[in-house]
Each structure stands twice: as C-alpha cells, then as structure tokens.
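**Student:** Quick mapping for you: the protein sequence lines, in order, are chains A and B.
Just so we're aligned, residue 14 is where the first sequence starts under the working numbering, counting upward by one.
Just so we're aligned, residue 69 is where the second sequence starts under the working numbering, counting upward by one.
Please note that a few of the clues may not be correct.
Said to hold, decoys possible - Listed next, with one range per pair, are the computed distances between beta-carbon atoms:
no.: 1; chain 1: A; residue 1: G96; chain 2: B; residue 2: A318; range: 44 to 52 Å
no.: 2; chain 1: B; residue 1: F245; chain 2: A; residue 2: A273; range: 55 to 63 Å
no.: 3; chain 1: B; residue 1: L358; chain 2: A; residue 2: D209; range: 58 to 66 Å
no.: 4; chain 1: B; residue 1: V228; chain 2: A; residue 2: D243; range: 48 to 56 Å
no.: 5; chain 1: B; residue 1: G388; chain 2: A; residue 2: K27; range: 33 to 41 Å
no.: 6; chain 1: A; residue 1: F322; chain 2: B; residue 2: Q99; range: 54 to 62 Å
Keep in mind the hints are simulated off the structure, nothing from the lab.
We put the beta carbon where it would ideally sit given N, CA and C, even for glycine.
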Amino acid sequence: MHFVSFVDEILMAKKTYVAAIKDALAEEMRRDPNVFLIGEDVRLGVFAGTRGLHAEFGDRRVIDTPISELAVAGACVGAAVTGLRPVVDLMFGTFLYLALDQIVQQAASARYMFGGQAKAPVVYMVQNGGGISAGAHHSQAVHPIFMNVPLLKVVSPSNPYDVKGLLKAAIRDDNPVIFLSPLSLTGARGEVPDDDYIVPLGQGEIKRAGGDVTICSVGATVPMALKAADALAKDGIEAEVIDLRTLKPWDEALVLASVAKTGRFVAVDESKPICGAASEWAATVAEKAFAHLKAAPQRVSGKDVASPFSPVLEKAVIPSVDEIVAAAMRTMQRETVIGNL
Amino acid sequence: MDNDKILDIYTRMLRIRRFEEQVGTLFAQGQLPGFVHLYIGEEAVAAGVCAALRDDDYIVSTHRGHGHVIAKGGDFNRMMAELFGKATGYCKGKGGSMHIADFQIGMLGACGIVGGGIPMAVGAGLSAKYRGTDQVSVSFFGDGASNEGSFHESLNLAAVQKLPVIFVCENNQYGEFTPMEKVTGVRDIALRAAGYGIPGVIVDGTDALAVYDAAAAAVQRARNGEGPTLIEAKTHRKGGHAEGEKAFLAGGVYRSPEELAQAQAKDPLTLMHGKMMAMQVIAPNALEELDHSITQAVVEAVTFARQSPDPKPEAIYEDGWL
Numbered sequence: 014m015h016f017v018s019f020v021d022e023i024l025m026a027k028k029t030y031v032a033a034i035k036d037a038l039a040e041e042m043r044r045d046p047n048v049f050l051i052g053e054d055v056r057l058g059v060f061a062g063t064r065g066l067h068a069e070f071g072d073r074r075v076i077d078t079p080i081s082e083l084a085v086a087g088a089c090v091g092a093a094v095t096g097l098r099p100v101v102d103l104m105f106g107t108f109l110y111l112a113l114d115q116i117v118q119q120a121a122s123a124r125y126m127f128g129g130q131a132k133a134p135v136v137y138m139v140q141n142g143g144g145i146s147a148g149a150h151h152s153q154a155v156h157p158i159f160m161n162v163p164l165l166k167v168v169s170p171s172n173p174y175d176v177k178g179l180l181k182a183a184i185r186d187d188n189p190v191i192f193l194s195p196l197s198l199t200g201a202r203g204e205v206p207d208d209d210y211i212v213p214l215g216q217g218e219i220k221r222a223g224g225d226v227t228i229c230s231v232g233a234t235v236p237m238a239l240k241a242a243d244a245l246a247k248d249g250i251e252a253e254v255i256d257l258r259t260l261k262p263w264d265e266a267l268v269l270a271s272v273a274k275t276g277r278f279v280a281v282d283e284s285k286p287i288c289g290a291a292s293e294w295a296a297t298v299a300e301k302a303f304a305h306l307k308a309a310p311q312r313v314s315g316k317d318v319a320s321p322f323s324p325v326l327e328k329a330v331i332p333s334v335d336e337i338v339a340a341a342m343r344t345m346q347r348e349t350v351i352g353n354l
Numbered sequence: 069m070d071n072d073k074i075l076d077i078y079t080r081m082l083r084i085r086r087f088e089e090q091v092g093t094l095f096a097q098g099q100l101p102g103f104v105h106l107y108i109g110e111e112a113v114a115a116g117v118c119a120a121l122r123d124d125d126y127i128v129s130t131h132r133g134h135g136h137v138i139a140k141g142g143d144f145n146r147m148m149a150e151l152f153g154k155a156t157g158y159c160k161g162k163g164g165s166m167h168i169a170d171f172q173i174g175m176l177g178a179c180g181i182v183g184g185g186i187p188m189a190v191g192a193g194l195s196a197k198y199r200g201t202d203q204v205s206v207s208f209f210g211d212g213a214s215n216e217g218s219f220h221e222s223l224n225l226a227a228v229q230k231l232p233v234i235f236v237c238e239n240n241q242y243g244e245f246t247p248m249e250k251v252t253g254v255r256d257i258a259l260r261a262a263g264y265g266i267p268g269v270i271v272d273g274t275d276a277l278a279v280y281d282a283a284a285a286a287v288q289r290a291r292n293g294e295g296p297t298l299i300e301a302k303t304h305r306k307g308g309h310a311e312g313e314k315a316f317l318a319g320g321v322y323r324s325p326e327e328l329a330q331a332q333a334k335d336p337l338t339l340m341h342g343k344m345m346a347m348q349v350i351a352p353n354a355l356e357e358l359d360h361s362i363t364q365a366v367v368e369a370v371t372f373a374r375q376s377p378d379p380k381p382e383a384i385y386e387d388g389w390l
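Please take these sequences and the hints and turn them into a complete structure.
**Tutor:** See the structure below:
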C-alpha cells in the first residue's frame with residue numbers, strides 16, 4: 014500500500030461492520046449500567062461484535078448462556094420489564110425462530126396487552142440473510158416475519174457508520190428492537206467516528222440523488238442498489254438510491270417524496286416476494302403515489318426457494334445488481350441488455 | 069407459625085374463592101366476554117406461596133391466573149373491570165382474564181400460552197441478581213407446562229446462573245382435558261428437578277400451611293444466593309379447564325369419578341377452616357364477618373365493573389410504541 018493511502022486509511026478511521034457493533038455496545042454499556050449483553054458465546058464473540066467486552070465488563074454484564082434461545086429471549090423480557098436494558102446476541106436470524114414465542118407474545122405484546130403498565134426495551138441482535146454459503150438453516154432474510162408483529166422495531170444497517178448509530182439508538186429505545194446485521198456485510202469497512210452519535214430509528218437516507226427512478230433498498234441490498242445506479246448512469250439514467258436503514262417503522266415519507274420526483278419505483282430486498290419488505294414498499298407506493306407513477310412499481314426480491322449451499326445457486330437466489338438494473342429499465346420502458354453491464 | 073400468618077393465608081384463599089365463584093356465575097350468565105379459567109380448588113398454592121413473599125418480590129402467572137393476582141394483593145375492582153373488558157381494568161380492557169398484570173405489586177402478568185411465562189420469571193430473577201437486590205421471582209405453571217421446552221430451558225438457565233427463582237408447578241392432574249399420566253414420562257414433576265441439579269420438592273397443594281412452609285424454605289434459599297427450587301404442589305381443579313367447557317366437550321367425560329370425589333373431598337378452604345377452628349386461630353363469628361366483608365367487596369367490584377365505561381375505540385392506538 015502506498016504510504017499516502019495508508020495514512021488516509023488511518024485518518025478515516027475505517028472499521029468493519031462488526032467493529033462498529035462492538036463500539037456501540039461498549040459505549041452504551043459505559044453510559045448506562047442497566048445495559049448488559051447476554052447470549053451464547055458472547056464472551057468469545059463468534060462474529061467478533063462482542064469480542065473483548067468481557068474483559069472490560071466482566072461476568073455480571075457479559076453473560077454466556079446455554080443454547081436456549083427461547084428461555085434467553087424470554088428472560089430478557091423479564092429483565093427489561095423490571096428495569097434493565099438487555100442486548101441479546103442470538104447469532105443468526107434463523108435462531109430467532111426458536112425464540113419466536115417469547116419475542117412475539119411477550120416482548121412485543123407486554124406493553125400493549127398489559128395496558129401500558131410495562132415497557133420491554135430488549136435488543137435482539139442477529140446476523141440476517143445469506144451470501145456466504147452458510148446453507149438453508151443459516152442464510153435466511155427473516156425480517157418480514159418481524160415486520161408483521163405489532164410494536165416490534167426492526168433495524169438493518171448497511172454500513173459501519175449506521176451500525177454504530179442505529180445500535181446505540183436501538184439500545185436507548187424503550188421498545189423491543191430486532192437488530193439485523195446483514196451476514197454478507199460482516200466484513201464491510203467504513204468510516205466510524207469515535208463520537209457519541211445516534212442514527213434515529215425510522216429515518217431512511219438518500220445515498221445517491223437522481224431524478225429518473227427511485228431504488229429503495231435496505232441492509233445487504235444497499236451496496237447492490239448503488240452499483241446498479243452506477244451502471245444505469247452509464248446509460249444516462251439517474252437513479253435515486255434510498256437506504257431505509259429501519260424496516261419498521263419505515264421512512265414512508267422519504268420514499269413517497271422521492272417517487273413524487275422520479276415517478277418510477279424499484280423495491281429491492283433480500284427477503285421473499287410474498288409479503289416481503291419489497292412488497293410492502295411497492296404496495297405503499299402504488300397506493301399513495303399512484304398519481305406520480307409513470308410506470309408500474311417493480312420488485313426485486315429473493316427467489317421464493319430455500320437458501321441453497323452452492324455459491325452458484327445461492328447467487329441465483331439473492332437479488333443481483335443485474336436484476337436491479339433490469340427492473341429500473343422496465344420502469345424506463347427500455348429493454349435491458351444484461352450482457353453489456 | 070403464628071395466628072396472624074395463618075389468618076393472612078386463609079384470607080388470601082377466601083378472597084380468591086369468593087371472587088372466582090362470582091366470576092363463574094357471571095360467565096354462566098353470559099356477562100363476560102372471552103374465556104375464563106377458574107382457580108377454585110387450587111387456592112392453597114397461590115396463597116401459601118405469596119404469603120411467603122415480600123411485596124417487592126415478583127410473580128409470573130398462567131392462563132389460570134386470577135388466584136395469583138389476588139394472592140399477591142391485587143385489587144378486585146380493577147380485576148373485575150378487566151374481566152368485563154372495561155377501561156378501568158388493570159389493562160384498560162386490552163388484556164382480559166389471561167393477561168391481568170399489576171406491576172405495582174410485582175405481578176408481572178398472566179400468560180395465555182402454556183409455559184410462556186416461565187422464561188419471564190427467570191428474567192425477573194436475573195434482574196434482581198443483576199441489580200444486587202435480594203428480591204426473588206416465582207414462576208407459577210401447571211403440569212402441562214412442564215412438557216414445554218420453555219420449562220426445560222428456563223430451569224436449566226436459572227440453575228446454571230443460580231438465580232433467585234422459585235418454580236411452582238401447580239399439578240392439577242390435567243393438561244386441558246388430558247390426564248397428566250397419559251402425556252408425562254414421570255409421575256412426579258418434582259423428579260425433573262434432578263435434571264437441572266436443583267432441589268425438587270413435593271407438597272400437598274391442598275394444604276396451604278404445607279405449601280407456605282415449602283415456599284418459605286425455597287424463598288430463603290433463593291435470597292441466600294443458593295439458586296432455584298422446583299416445588300410441585302399436587303392439587304385439583306374443582307371445576308373444569310375453562311368455564312362453559314361442557315358446551316364444546318359435547319358430553320365427553322374426561323375425569324374419573326374417583327378423582328372428582330377426591331377433588332371434592334380435599335377442598336383446601338374446608339381443610340384450612342378445620343385447622344383454624346382446631347387451633348382456635350379466630351373466633352367463628354369473626355370468620356363469618358371476614359367472609360361477609362370479602363363477599364361484599366366482590367359484589368362492589370361487579371358494580372364497579374358494570375358502571376365503568378367501555379374503552380373508546382380510538383384507544384386501540386394507545387399503549388403502543390414509546
């Protein structure tokens with residue numbers, strides 16, 4: 014590496030996605046003594062997001078548990094309604110299925126069904142989606158299941174800066190939050206300031222401005238949408254790329270304002286098309302921005318099959334840059350020549 | 069045990085019995101929406117356990133939860149209003165019979181899912197330990213719940229963390245309409261404690277004083293930081309799984325005449341009453357007065373509930389995100 018770029022790298026404080034998770038956890042645990050970390054192997058930190066925290070915070074605040082997702086998820090609710098702020102690392106999004114009863118029926122329901130007597134500020138932290146050949150049981154984009162649960166918040170950052178800001182916001186939030194780190198972005202690097210900053214839940218961001226077509230994405234599909242926008246620009250099409258950052262509550266106003274400007278909409282998400290996140294966005298745009306639309310909204314979702322192991326097969330299941338470009342082209346009523354990309 | 073404590077336990081039991089009798093009547097008259105699962109026959113368990121607790125201790129309850137709320141000191145008016153679905157109820161009409169909670173008295177909620185409340189009780193125990201208080205947490209559940217994964221995971225988690233939790237299995241012999249022995253690999257649920265390396269205690273769940281003694285020992289152990297205990301209180305439902313169940317059982321019979329006779333013979337209030345008379349804990353006329361005042365309070369609760377306003381439809385959007 015050239016010396017100048019080496020210095021640039023240091024000055025920009027580039028960190029990985031998981032290092033940003035660790036920064037957020039450490040800062041919030043220092044700030045609030047009621048915040049603690051719990052889960053299987055959090056002391057060791059399998060994805061490194063929790064590694065090293067035990068050395069600073071000890072057994073009391075970094076609690077290794079049995080492989081008992083259901084009991085741990087529910088115990089966090091019991092701890093939360095009695096005044097604490099647990100952050101539980103359940104590793105994979107698919108492991109949330111084991112804990113579903115406690116997350117849906119207790120964490121999400123407690124406040125409402127008890128008439129406002131309780132609050133359950135628990136953060137359920139997992140790696141979500143596919144892209145690393147982890148196979149069917151470890152590679153699913155699980156978020157639509159949780160988007161359908163009233164009073165859960167669902168967050169999925171696409172870059173290390175947002176990871177830190179959103180995780181800190183999630184920990185401070187008084188509601189239960191599902192915090193989804195895209196598995197394929199675990200090693201992604203980006204600038205992470207040392208400051209104590211927050212990215213508010215529920216606010217999306219325009220990652221690239223453009224007037225021709227709105228591409229809405231979240232988590233793992235944000236880098237793909239940006240690459241697609243680069244490709245479209247070569248063809249003279251200016252795409253506006255939105256990173257929603259929070260899946261629920263989602264920044265409807267930002268999306269609708271963008272569509273009012275562009276008149277074209279492409280929803281890109283890794284989850285499946287039936288009741289998936291992209292479907293929700295497309296339906297909302299069709300319902301609320303119909304007068305602005307110059308073409309039918311398009312969806313790019315994960316294929317409606319299980320996650321296959323082979324890298325070739327998995328790639329065919331997950332949304333691709335080519336598919337996003339093709340969808341944008343359809344809204345421009347132009348044929349795509351995928352071979353040219 | 070001193071007379072005051074005995075009377076305290078009996079008062080809790082009588083409050084449960086009179087409240088539940090009234091609820092049964094109201095349900096039969098078609099005045100209550102939804103389902104109700106009455107605690108009649110099991111009063112000695114909630115009363116014996118809660119009498120061994122401090123006000124700041126926690127309990128987590130079940131779908132058959134009215135008795136636990138009352139034993140922990142719950143308010144008749146707000147309970148009855150909740151059963152009527154009124155705005156003045158504990159949960160403003162959003163919870164109903166199976167979701168009554170009173171966080172002010174450490175009652176962290178009834179739970180409509182069998183075994184669903186057990187992990188929460190473990191979490192309350194974890195919280196007490198984390199905060200360095202000497203509070204304890206009680207998880208009430210039935211024999212049926214001991215076949216749920218949540219039971220297994222929770223007992224193990226509490227055991228390895230040495231949490232101040234008392235697991236109280238109210239073994240009323242039936243999971244809904246299925247006799248326990250048909251679906252359970254052990255005769256005594258308490259045996260399962262060995263699988264988690266914690267004490268398992270069997271107690272006659274119709275004997276409130278025996279329940280109290282077992283609970284007091286388990287509470288002491290928990291406060292001392294020695295970890296959880298599983299108490300199996302063998303008891304009987306005097307009524308069915310749910311009120312009005314005959315309508316959907318369509319004449320089906322699931323309880324043996326012998327067990328039904330046993331359930332009638334071992335009424336926990338009658339047993340306790342006999343002991344109190346023998347021990348001269350209270351004069352008979354004072355006991356009658358107590359009964360009268362409780363019955364009166366139940367009647368007043370019904371009036372309160374009836375006169376309370378329904379929730380406004382727009383309240384569906386209240387008590388949501390903070």
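**Student:** If you test the structure against every hint from before, which numbers come out violated?
**Tutor:** none
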